[in-house]
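Asks: The chain contents come next:
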Amino acid sequence: MSTARRLYAYTVSAVSLAAMSAGLFLLLQLFFAQVLSLFSARLTTDLAARQDGSLAVALILVAAPVFIIHWWWISRSQRGDTPAALDERQSAVRALHFALVQLVSFVVALVAAAMLLREGFALLLDVRGPIGDPAARSLALLVVAGAVWLYHARLRATDLRLTKMNGAQMWLTRAYRYGAALIGLLTAVVATAALVGTVLDTIVNPPTFASGGWWQEPVATQLAAAIAGLVGWWLHWREAQSVVRDTELIGEDERQARLRAAYFAGVLLITTAAAARYVYEAAAAIAAWLIGSAELTGLQNFATAVMGPLVAGALPFAIVGFLHGRHQLLDLGHVGPSAVRSAERAIAHLVALVGLATLAGGAWRLLDAVLHAIVDRPVLGRDPLLDDAAAGLALLAVGAALWLPTWLWIMRWRAADPVIETRAVISRAYLYLVLAASLIAAIPAAAMTVYRLINVLLGIAGRSVGEELATPVAVLIVAVVVATYHAWVLRSGPAPADVEELPAPHTPSSALAVPLMLSAPADTDLAATLAALRRSLPPNVTLEEQPG
Amino acid sequence: MTIDDRGGGEGSQQAANAIRPLLLIAGGLIGVLVIAAVIMLLANRQQPAFPADTPEGTFQRYLAAFDDGDYQTAYAYLSTTAQGSVPYSRYERAARDYNTWNSGRQRLTLDDVRVAGERATLQLVVREGGGLFDGGWEDSVSIGLVRQQGEWRIDQPLLRSHPMSGYDWDY
Chain A
1 MSTARRLYAY TVSAVSLAAM SAGLFLLLQL FFAQVLSLFS ARLTTDLAAR QDGSLAVALI
61 LVAAPVFIIH WWWISRSQRG DTPAALDERQ SAVRALHFAL VQLVSFVVAL VAAAMLLREG
121 FALLLDVRGP IGDPAARSLA LLVVAGAVWL YHARLRATDL RLTKMNGAQM WLTRAYRYGA
181 ALIGLLTAVV ATAALVGTVL DTIVNPPTFA SGGWWQEPVA TQLAAAIAGL VGWWLHWREA
241 QSVVRDTELI GEDERQARLR AAYFAGVLLI TTAAAARYVY EAAAAIAAWL IGSAELTGLQ
301 NFATAVMGPL VAGALPFAIV GFLHGRHQLL DLGHVGPSAV RSAERAIAHL VALVGLATLA
361 GGAWRLLDAV LHAIVDRPVL GRDPLLDDAA AGLALLAVGA ALWLPTWLWI MRWRAADPVI
421 ETRAVISRAY LYLVLAASLI AAIPAAAMTV YRLINVLLGI AGRSVGEELA TPVAVLIVAV
481 VVATYHAWVL RSGPAPADVE ELPAPHTPSS ALAVPLMLSA PADTDLAATL AALRRSLPPN
541 VTLEEQPG
Chain B
549 MTIDDRGGGE GSQQAANAIR PLLLIAGGLI GVLVIAAVIM LLANRQQPAF PADTPEGTFQ
609 RYLAAFDDGD YQTAYAYLST TAQGSVPYSR YERAARDYNT WNSGRQRLTL DDVRVAGERA
669 TLQLVVREGG GLFDGGWEDS VSIGLVRQQG EWRIDQPLLR SHPMSGYDWD Y
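As given, the protein sequences belong to chains A and B, one line each in that order.
Our numbering applies: residue 1 is where the first sequence begins, and numbers increase by one.
Our numbering applies: residue 549 is where the second sequence begins, and numbers increase by one.
If we strip away everything but chain B, and leave its shape as in the complex, we get (with noise of 0.2 Å):
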């Protein structure tokens, strides 16, 4: 491309000033959103690790394992009596297939902890969508966990938050 410079340097110099303003305008907007965006980044949105021995801390580790697709870990979250009604392959055969078709849009919150003996019960809030005309959904799932050789264990299979009766058509 070619600039037909038709103001002779008195015009250029009038170019030059009036595009630094915009220089420093435009410049600055951007410079803005993106430090925005690394205090975002930086400000650690997720929820502070809960203690290993805790049912949250548990169901926290299994959620960590399954979103970084290392389903035999997710796997050993669960309590005997899950492992005993689905035998790994097809856990991991779900787990696959749900993390492929799912669009990973689910934000999930910690609403409250009940514990009663050797049985507890994770509260959680599930939200998925949202935007300018969607409003997105909202729901409340509950989680049973149940205490085994000392260690929480989450009392039946999931996908992620999800039962795993209503993703695997063979279960």
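Bound conformation, chain A alone (with noise of 0.2 Å):
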């Protein structure tokens, strides 16, 4: 099929199952409102029912026929080992369309699975309100999405096994995969720590006869979103985990794929980021209670603003991104020891970078209190220099158990290995992050240290020279410091003329190529003879036509 073709089937079956799927929702949504009213006695048979009910039947009607037509061709396309079938399966635009149904039918599968068992919860746990129309409409979702979803994921498990694929079109299934299995563990985290701490509240704020049950609501809420994206999650792991497993079947191994490596990064990045923050939070609570402007004596103050932020904020991300650095490193121990040490050093800077981040944080506001300490007037009544001091107390204590034994660890590989782990992708590109990140803020900060003092000297400034200057002036030294040691350590690698050619490690997206001629009789089928050529090719290994 040509391109224009191609993209033509695809884009029509997109629209006409969207618009089948919509007209199917509506129906269910009907049957299932009536079914539930035999429950709850209450009856859907008034005019925007009966209209709904009508809008589904003409929906169904005109867009089915046509959504069956074009994906019959397309299927009929695509089926057996013919190169028109070969390039069907591997063709982007399949790829593209397939990872975008599965991607919307997973979210709104999601959503709706969350809304239902939020209701299953509400009724359980005694949650005053309706269960009727809501239910049925989470219901009539759930199937739908579903069934779409589930339909799409095993016909391109199929393709995956069937047809080997490179470049775009497993990219794009990839990109989905992961993608969808991040938003699924995002919301299991996010809900369970919510959920973990609606727990902690009740424990700490038992309810009264006065407060009455404030906590089954959030309960039935928080349990539903993590219990759906828990199983959005797991449906996407068990997918990357069966490609692993089917390497051979399917000509690459996805332990090395750059997308896996992205998204174990991703949840490394976002869980250490999450946990940082909220042992921020209780190290702040601590901080203000030693200097005196915040209450932390009494069960409730110290479970609201201490053991809440850790056990229900910075656990759940603490274990996720534990578990998940975990199993990277056992998954690449099959792989080989460069690979481990890729991973780890993926892993070590990406903690190292939360941590610096949190650490140059910490002493800007520190610098930035002390030097406004030393230039404002005293003040009356309560200071607030005193609360942002605290807080960057804690910021730098968070940042630097972060970043200092980490980066120690980093050190001490690139003292024991200097040429490898200088050369290392992770390893410049997190000092040049560093630098820039520098630059970044250094530049803003010392423009407007030299506006305010042009204030000052033409006497337009409404403050005193320290005022207008502590703030830019704090800035700029963390800003200075930190991009000057990052500049030695950038320096201090090996020259490039001491640097040895290393061989190439074996990665997909390193590859030795062999030009070859294929000659054959007039009447070969030279497409076919390709094909079954390619068929035998192990693992990693591909053949593709030159032009001309």
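It should be emphasised that the hints constitute simulated quantities derived from the structure, not laboratory data.
Be aware that a few hints might be false.
[As the list claims (entries may be wrong)] Cβ-to-Cβ under 7 Å is the rule here; a few derived chain A residues that face chain B: (1) LEU366; (2) GLY381; (3) ARG382; (4) PRO384; (5) ALA400.
Idealized CB from N, CA, C, for every residue including glycine.
Got two chains here, separate frames each, mind docking them using the hints?
Replies: Structure below.
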């Protein structure tokens, strides 16, 4: 099929599928509402319902034939082992169609599942509210979106195992798989953290006769989202693991795929940053108590300010991050030591990045408070700079705890193996990113310093020199220190002339190429011959035709 | 995590030698910052306590009570005229709302005190905001006090340094 025809076929299929699904949803919603009304004594036979039914039938009658015809045409063109069928299954347009349809249906199904579970838990926990229309709507959405997702997921899984893929087709399929897994995982973790927080709150603030059962509705919602997210993540993770197991069939080692590595990196970055944020919250509360600007006495205050962020906030994220990091290292242990070292390097640099950002932020806030304390006049009443100093101390402590040990680890690797460690992409990317961020912070800070100095010299500043300059100078000092140190680390690596040529690491992106010429009698089916050759190739080896 | 110690004994010694200065620099910088912060905190940035029988001393004690959430004590520092214009229940409600919704970033410094017989006026400078791009704002506020039964009292209902009329919609 030509690209133009393919674009036409898949676009019309997607649009007609959406219309048909909308019709099925409306019809099913009515059906389930009628069934559930038997339990809740509410009937939905009013005019609006009858109009919904008419619309549903109309959508199905019009869209279904269009979808069936175009999808039959597409299915026919990709059936079998002919070159045209292979070409169809390997097309990027098909990959994009599947990725988009699966993404939309997955998100809809995820939301619907969470809403339906919420209704169920609300019923169990005796939350006041009607059971009927919302449950009917969620159930109908889940059935339709779930069926669309399942059908397309099965088809795509078959495509992958029948046809060797690389390039955009594989990238799009992987991007959807790991993107959806991340969506499910984050939904589950955030909801679990909120649920633990609600449980902790219930223990610390037990419900009284006056406050009633305030916790039922949040628990119903959070538990529903956690379960729906977990199932969503597990479905995609299971598929990813089955692709790892079917390496020989698929022709590419999924464990070494960059998108898989990006997924792990994304999870680690998000969970480390989230855990650091909650630990900072607890540390800031302790620091504020130490300087006398907050109360921590009593179980309620302590639980809300310290235990809550640690147990309900940091712990779920830390556990998820740790489990993912450990799984990645165990996974790559089957590939080889250099793959494990690459993963360790990535993990260490990501954690160091979060730690450095927190440390720099803390240093800035503390320095800002110190400079203001030196130049500002004494205040009447409460001084907000004390809160700034407490926050700065907390950030500094959390950042130092993350950055110092991780950076020492990295520096030990650099000292023990300077050539490999300084050439590593993640190592150079980290250093250049930190340098860039420091300069981006330093430039406006320097500009504001000069601007306010000029205001003071012209006598148009509203406040004293010190008060005007304290904040930009604090930013400038921290940015310059961070930039100077990391520039020194960058330059202290081995000079380019001292670096020996290393053998290219074994990854899917670096390949040896051998030009070949295939000759055959004129009546030979070259396309079929090429297809047969491709099927016999070992994993990670591809055969491509050169033009001309 | 594992460490692949490829350099052997000599490499490890070199690694340790390279790391030591880093330890000292990083630890030193962080230590300096922490010590500076502690010194700043211990240096008592707040204004020294004024005598209780002065207008500024009265306002200082009113402010301390308001910041601590002791609204009954803060209300007691208002004059009889000010108390007559707003009952305690409404004052307490407005004060709680003020402390809930305001950022707590306000800095008050005493600029001037003028006493004329049984009346006094405090000139305060109120500063709020201020950051890298935001210069913050600054304003002057006058607080009127009156001497009643030998003690100074604030002659209008205030929510910290703000007249209550600007914050309490029922007032």
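Asks: With reference to the structure, classify each hint as holding or not holding.
Replies: Hints, one by one, checked against the model:
no. : hint   : result
1   : LEU366 : holds, 5 Å
2   : GLY381 : holds, 4 Å
3   : ARG382 : holds, 4 Å
4   : PRO384 : holds, 5 Å
5   : ALA400 : holds, 6 Å
No hint from the list above goes unmet by this structure.
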